[in-house]
Amino acid sequence: MAAAPLSLGEQISEDLSCSICLELFTRPKVLPCQHTFCQDCLQDHAGRGGTFQCPICRKQVKLPGKGVAALPDNLMAANMCETLQNRATLSGERREQPQSENMCSFHPSKGLELYCKLCQIQVCEQCSEETHNGHGTTTIKKAVQERIPAVQALIHEGRNILGGYHSFMKGLGQTEKNLNRKKQETDKGIHQAYNQMVKKLEKRRDQLLSEAEKDHKKNLQKIQSGRDSVSADINELSAACGQAEQEMERKGKELLSQETILTLTVGKYRGKAAPTPVQTQPAVFQPTDTPVPVLGHVMVQSLPKAPIPAAPAARGRGHHHGNQRQSVRSLPSASIPPPRTRGPPPSINAVPKGAGHHQGNQSQKELQRVTFGGKGSESGKFNGPVGATMSGRGDLVFVADCGNQRIQVFNLQGTFVRQFPTVVPEEQILGQGSLPPLSTVTTTISDKKYMRPCDVVMDKIEKLWVVGSVSPANLAVQYNKHGWMLGKIDLKNSWWDRGVAVDTKRNHILVTDITGEWCLNGGDLYARVQVFRTDGKLVRTVDQHQGIGYPQYMNITVDGVGRILVSDWDNHCVSVYNKAGGFLFQFGGLGSGEGQLKHPCGICTDRAGNIIVADKGNGRVEMFDKRGKFLKHIATDMEGPQAVAMATQGHLIVTDCSSHTVTIFSNF
453 MAAAPLSLGE
463 QISEDLSCSI
473 CLELFTRPKV
483 LPCQHTFCQD
493 CLQDHAGRGG
503 TFQCPICRKQ
513 VKLPGKGVAA
523 LPDNLMAANM
533 CETLQNRATL
543 SGERREQPQS
553 ENMCSFHPSK
563 GLELYCKLCQ
573 IQVCEQCSEE
583 THNGHGTTTI
593 KKAVQERIPA
603 VQALIHEGRN
613 ILGGYHSFMK
623 GLGQTEKNLN
633 RKKQETDKGI
643 HQAYNQMVKK
653 LEKRRDQLLS
663 EAEKDHKKNL
673 QKIQSGRDSV
683 SADINELSAA
693 CGQAEQEMER
703 KGKELLSQET
713 ILTLTVGKYR
723 GKAAPTPVQT
733 QPAVFQPTDT
743 PVPVLGHVMV
753 QSLPKAPIPA
763 APAARGRGHH
773 HGNQRQSVRS
783 LPSASIPPPR
793 TRGPPPSINA
803 VPKGAGHHQG
813 NQSQKELQRV
823 TFGGKGSESG
833 KFNGPVGATM
843 SGRGDLVFVA
853 DCGNQRIQVF
863 NLQGTFVRQF
873 PTVVPEEQIL
883 GQGSLPPLST
893 VTTTISDKKY
903 MRPCDVVMDK
913 IEKLWVVGSV
923 SPANLAVQYN
933 KHGWMLGKID
943 LKNSWWDRGV
953 AVDTKRNHIL
963 VTDITGEWCL
973 NGGDLYARVQ
983 VFRTDGKLVR
993 TVDQHQGIGY
1003 PQYMNITVDG
1013 VGRILVSDWD
1023 NHCVSVYNKA
1033 GGFLFQFGGL
1043 GSGEGQLKHP
1053 CGICTDRAGN
1063 IIVADKGNGR
1073 VEMFDKRGKF
1083 LKHIATDMEG
1093 PQAVAMATQG
1103 HLIVTDCSSH
1113 TVTIFSNF
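This note's numbering applies: residue 453 is where the sequence shown begins, and numbers increase by one.
These aren't lab readings, by the way, just hints derived from the structure by calculation. It is possible that part of the hints are untrue.
As the list claims (entries may be wrong) - Below are the BS3-like pairs computed for lysine-lysine, each with C-alpha atoms no more than 25 Å apart in a straight line:
1) Lys666 to Lys640
2) Lys629 to Lys669
3) Lys957 to Lys569
4) Lys670 to Lys635
5) Lys705 to Lys569
6) Lys933 to Lys703
7) Lys1084 to Lys514
8) Lys1050 to Lys989
9) Lys1031 to Lys957
10) Lys674 to Lys622
11) Lys634 to Lys674
12) Lys901 to Lys915
13) Lys1050 to Lys1081
14) Lys562 to Lys594
15) Lys670 to Lys622
16) Lys944 to Lys901
17) Lys1031 to Lys944
18) Lys669 to Lys655
Please model the complete structure; the sequences and the hints are all you need to start from.
The structure is reproduced here in structure tokens:
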């Protein structure tokens, strides 16, 4: 009974929320169809055209001569919104988000005021007495002071490595000067021999000059390749050291995370093999003294056998972890390191065919897309991109790379930013031990196990939740944006692939899976949606009692008003439930026609509440309104679309497990 007023208040707040921006109405305007929206939202939605469709019922609305401002005001909605805003307290949601970065994710009312030396993470006072009891703790300010020497050592080490690269670049410049001098000498000899011959040798002269120029270009290309192969390494090391220096001068808490980034960057080059020498073959002209009218030949000098120099250890103290011994090697001048393996640059295409097909006679517009990836294990490549989510600001894409057991991060242009492995300490798999920060540098292989991620989502406080399998357990693991493990939820009696979503209004974690008794001849298996709090406590379960059948695979999302939407692989449909788990309706059905689906996978919603589904079996991405009515085909030329996610700027992210790529649509 005590919860009734709160439930009523939430319902009133939802009824007074604009379906476009999902916030309380601002200058509410009512359309002829009686649907109400914010004046500014309608202005953006209607544009400059004389008519537009209502975002909810899709009825055509003709604007008055003076535009959106001339539409009738909804005075009742405006008064009720003002009343709700006047009742809001300073502890409401509007003040919660700016403070979330300094608050404990397990005890939201407690600030992160201490630093655990054993686990190397920031904790609140209650965490230090419970999870981190007996661990050595100190203040954040003192922890920053204690880490400064280690960061200084890393900066010194990075600068030493940079010195080797600078010597390498200087050697390339000197080699280029020698090549140019040799080229001038060769040209001079060719011209001197030509002046001794008659005009009938002119054609041969041009041939020889062409041969010399061709060889010279080859040598210059080798020089340029040498520059290109180390430029990215120089930029990466310089940026990491420079950022660490800035954070060290500020003496802020960001130095702790920057130390990890710098450790990873320097560690990547610490044991890197010494670059091989640049092999150039300058051409030398050999004139002929025979009476035969042949001007001569362009000869390429043979190369002496040059041994690959051993890379001397860089001066300065190496950064160690545990008892592992590591050394840093400097780069000899005029030598080229092995090229870094990178994915191909993202392709940007305008696709008028096979995409953006609208219902009815609406004209098609060119669909702008950026596609990147391809199958592989190097940075920027994928082996089964099964899930995707966006950062809170909408500027970064996080992709669950299942086969490579990692999360990769890209910007909206498809450029690779960083990655981290989805690892879990062995003592945490069965629910024991504390939570150390995880990284490829600070944790050895014997201390952790790799988890195959099935899906990923970002919660309201900018933390990632990844669901997957790590023998012998199935988990939902919480990481920060740089890959440090913060917590986990044990998914008991869970089978097969899982999907994950976040109810941002309540900060609940929703996980789909298959459960029941397993046997070789079939068994009593059924699908379910489990709703957890961030501390792992189960809130409710939506299962066969609420109409969920037995699909092989399900994906899930929560829309702006709290409805739960579940895609059903085996039954070729989408089921919609209210926020309490009560069944509302279902749409789809097996087929390839408009409104039909075949093995749907990923699902998400846009700002207007429209539903976007990855129709994997038909190789397309579909859009429905919030009631399940088909609106249009967004793309119809994909191989196997798997996951979909929306950015705050309106970009649509689609992963494709058949082509192992990710596509970002900027307009659809």
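Hint by hint, here is what the structure shows:
Taken as a hint, the Lys666 and Lys640 pair is honoured in the structure, with Cα atoms around 17 Å apart against an allowance of 25 Å. The suggested pairing of Lys629 with Lys669 holds, with an alpha-carbon distance near 14 Å, which does not exceed 25 Å. Note on Lys957 and Lys569: the hinted pairing is violated, with a Cα-Cα distance of about 34 Å set against a maximum of 25 Å. Taking the CA atoms of Lys670 and Lys635, the gap is near 12 Å; set against the 25 Å cutoff, the hint holds.
In summary, the hint linking Lys705 to Lys569 is supported, as the alpha carbons are separated by about 14 Å, within the 25 Å threshold. For the hint linking Lys933 to Lys703, the alpha-carbon distance of about 21 Å falls within 25 Å, and the restraint holds. For the proposed pair Lys1084 and Lys514, the alpha carbon gap of about 23 Å is at most 25 Å, so the pair holds. The suggested pairing of Lys1050 with Lys989 is violated, with an alpha-carbon distance near 35 Å, which exceeds 25 Å.
Of the supplied pair hints, the one linking Lys1031 and Lys957 holds, its CA atoms being roughly 11 Å apart against a limit of 25 Å. The suggested pairing of Lys674 with Lys622 holds, with an alpha-carbon distance near 15 Å, which does not exceed 25 Å. Distance hint between Lys634 and Lys674 is fulfilled; the C-alpha atoms sit about 16 Å from each other, no more than 25 Å. With a C-alpha separation of about 21 Å, the suggested pair Lys901 and Lys915 falls inside the 25 Å cut-off, and the hint holds.
A threshold of 25 Å between alpha carbons decides the hint, and for Lys1050 with Lys1081 the separation of about 16 Å falls inside it, so the pair holds. Taken as a hint, the Lys562 and Lys594 pair is honoured in the structure, with Cα atoms around 20 Å apart against an allowance of 25 Å. For the proposed pair Lys670 and Lys622, the alpha carbon gap of about 20 Å is at most 25 Å, so the pair holds. Distance hint between Lys944 and Lys901 is fulfilled; the C-alpha atoms sit about 19 Å from each other, no more than 25 Å.
With a C-alpha separation of about 23 Å, the suggested pairing of Lys1031 with Lys944 holds against the 25 Å cut-off. Taken as a hint, the Lys669 and Lys655 pair is honoured in the structure, with Cα atoms around 21 Å apart against an allowance of 25 Å.
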